[in-house]
Amino acid sequence: MESTVKLKSISDGMGHIILNRPKSLNALNEEMLYELLEKLTVIENTSSYKTLIISGSGDNFAAGADLKQISEMDAKTFENYVRLIQEVTWKLEKIPILTIAAIQGVAYGGGLELALSCDFRFATPDSRFALPEIRLGLIPGGGGTYRLTKLIGLAKAKKMLYTGSVIRAEEALQVGLLEKITSEDHLIEETIEFSNDITKKSAVAFRAIKESASHAFDVDTYAARQMEVQAILSVFSGDDCKEGIQAFIEKREPQFIRN
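Sequential numbering from 50 applies to the sequence shown in our numbering.
It should be emphasised that the hints constitute simulated quantities derived from the structure, not laboratory data.
It is possible that part of the hints are untrue.
Unchecked claim - Listed next, the in silico DSS-like pairs over lysine-lysine satisfying Cα-Cα at most 27 Å (straight line):
(1) LYS72 with LYS88
(2) LYS140 with LYS88
(3) LYS55 with LYS143
(4) LYS259 with LYS143
(5) LYS88 with LYS250
(6) LYS140 with LYS117
(7) LYS249 with LYS88
(8) LYS249 with LYS259
(9) LYS117 with LYS143
(10) LYS88 with LYS125
(11) LYS249 with LYS55
(12) LYS199 with LYS143
(13) LYS229 with LYS57
(14) LYS259 with LYS57
(15) LYS55 with LYS117
(16) LYS55 with LYS205
(17) LYS250 with LYS57
(18) LYS88 with LYS117
(19) LYS199 with LYS259
Said to hold, decoys possible - Here are the computed distance ranges between Cβ atoms for each label pair:
(20) GLU302 with GLU239: 18 to 24 Å
(21) GLU87 with ASP123: 22 to 28 Å
(22) SER52 with GLU242: 24 to 30 Å
(23) GLY213 with SER286: 47 to 53 Å
(24) PRO145 with GLU299: 27 to 33 Å
(25) LEU187 with GLU242: 35 to 41 Å
(26) GLU239 with LEU116: 30 to 36 Å
(27) ILE294 with GLU51: 32 to 38 Å
(28) ASP288 with ALA124: 51 to 57 Å
(29) ASP123 with ASP246: 45 to 51 Å
(30) SER283 with GLU238: 30 to 36 Å
(31) ASN94 with ALA204: 38 to 44 Å
(32) GLY202 with PHE297: 34 to 40 Å
(33) SER106 with GLU136: 18 to 24 Å
In this text, a Cβ means the ideal position worked out from N, Cα and C, and glycines have one as well.
Please model the complete structure; the sequences and the hints are all you need to start from.
Next up, the structure:
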């Protein structure tokens, strides 16, 4: 039986996860979520990875939860499913490497929640986005209520959450849901180019920035300040910082440690 989640290497240090249920628009069933969690754990424990790109097979990113499977769940099974998608999106959000969702077609429900858990989102002009759970008498269960709010602001998030309406790529770009719209032919290529620009910089500094910036959303301002102080002190004493400052003084490109 073919895997519902594929992991391959695009290049040295760059992993690519492909959601692989194209006939179901890559809807997230339990099997796919368990495989996705397994692949993320492999990446997390493999020091060579610096970037992770996530995309969908076929013409779509992911249509959300597998409603046929959910319709057959009792309350306890559904609770386990929700806790599983929460664990997947949390791990994806906190993984200490650059993560980018490369989106075409639909990113609805849990599919959009996966994309929201990434650092950045690139999409094709025909892509569409929604958290339509309210139309099913449900609410988002994979972090959509708080990640979307943090990303685009309370009022814009409420409009999407309260109505369950679909927005297209141009509007998604305008509200801050996307970083860039690019053609289908160049989606992965431009995602790679963007990631290479980031990963050639200090990996030590990147991890500290990601941890500090993410932490700031979860705590009050005072705690965020303390976290930032600790993060900058930790990188200041490292070799990458010394090299970066010296390279600036010498007007050359820095040679950062690749780890």
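Hint check:
At most 27 Å may separate the alpha-carbon atoms for a hinted pair to count; LYS72 and LYS88 meet this at roughly 22 Å. Between LYS140 and LYS88, the direct Cα distance comes to roughly 11 Å. Compliance with the 27 Å bound is thereby established for this hinted pair. At most 27 Å may separate the alpha-carbon atoms for a hinted pair to count; LYS55 and LYS143 meet this at roughly 21 Å. The straight-line distance between the Cα atoms of LYS259 and LYS143 is roughly 8 Å, inside the 27 Å bound, and the hint therefore holds.
With a C-alpha separation of about 25 Å, the suggested pair LYS88 and LYS250 falls inside the 27 Å cut-off, and the hint holds. With a CA separation close to 26 Å, the supplied pair LYS140 and LYS117 stays within the 27 Å bound. For the given pair, LYS249 sits about 24 Å from LYS88 by alpha-carbon distance, which is consistent with the 27 Å threshold. For the given pair, LYS249 sits about 16 Å from LYS259 by alpha-carbon distance, which is consistent with the 27 Å threshold.
For a cut-off of 27 Å, the pair hint linking LYS117 to LYS143 is broken: about 30 Å separates their Cα positions. As the CA atoms of LYS88 and LYS125 are separated by approximately 25 Å, the hinted pair is consistent with the 27 Å bound. Distance restraint check for LYS249 and LYS55: the Cα-Cα separation of roughly 26 Å lies within the 27 Å cut-off, and the hinted pair is therefore satisfied. Distance hint between LYS199 and LYS143 is fulfilled; the C-alpha atoms sit about 15 Å from each other, no more than 27 Å.
A threshold of 27 Å between alpha carbons decides the hint, and for LYS229 with LYS57 the separation of about 24 Å falls inside it, so the pair holds. Between the alpha carbons of LYS259 and LYS57 the distance comes to roughly 24 Å, so the proposed pair stays at or under 27 Å and holds. Distance hint between LYS55 and LYS117 is fulfilled; the C-alpha atoms sit about 23 Å from each other, no more than 27 Å. At roughly 34 Å between alpha-carbon atoms, LYS55 and LYS205 are farther apart than 27 Å, so this suggested pair is violated.
A hinted pair counts as satisfied when its Cα atoms are at most 27 Å apart, and LYS250 with LYS57 qualifies at roughly 23 Å. Of the supplied pair hints, the one linking LYS88 and LYS117 holds, its CA atoms being roughly 25 Å apart against a limit of 27 Å. This hinted pair checks out: LYS199 and LYS259 have alpha carbons roughly 15 Å apart, not beyond 27 Å. Distance hint for GLU302 and GLU239: a CB-CB separation of about 23 Å, consistent with the stated range 18 to 24 Å.
Take GLU87 and ASP123: their Cβ atoms lie about 25 Å apart, and the range 22 to 28 Å holds. Taking 24 to 30 Å as the suggested C-beta distance range, the pair SER52 and GLU242 conforms, at roughly 28 Å. Separated by about 49 Å at the C-beta atoms, GLY213 and SER286 satisfy the suggested range of 47 to 53 Å. In this structure the hint that PRO145 and GLU299 lie 27 to 33 Å apart at CB holds, the actual value being about 30 Å.
About 38 Å separates the C-beta atoms of LEU187 and GLU242, a value consistent with the hinted range of 35 to 41 Å. For the pair GLU239 and LEU116, the supplied restraint of 30 to 36 Å holds, since their beta-carbon distance comes to about 33 Å. Between ILE294 and GLU51 the beta carbon distance is about 50 Å. The supplied range of 32 to 38 Å is therefore violated. Our hint of 51 to 57 Å for ASP288 and ALA124 holds, since their Cβ atoms are close to 53 Å apart.
The hint said 45 to 51 Å for the Cβ distance between ASP123 and ASP246, and at roughly 48 Å that hint holds. Here the CB-CB span from SER283 to GLU238 is close to 35 Å, well matched to the stated 30 to 36 Å. A hinted range of 38 to 44 Å holds for the C-beta pair ASN94 and ALA204, which are about 40 Å apart. Evaluation of the 34 to 40 Å hint for GLY202 and PHE297 yields a pass: the beta carbon distance comes to about 35 Å.
Taken as a hint, the range 18 to 24 Å holds for the pair SER106 and GLU136, whose Cβ atoms sit roughly 23 Å apart.
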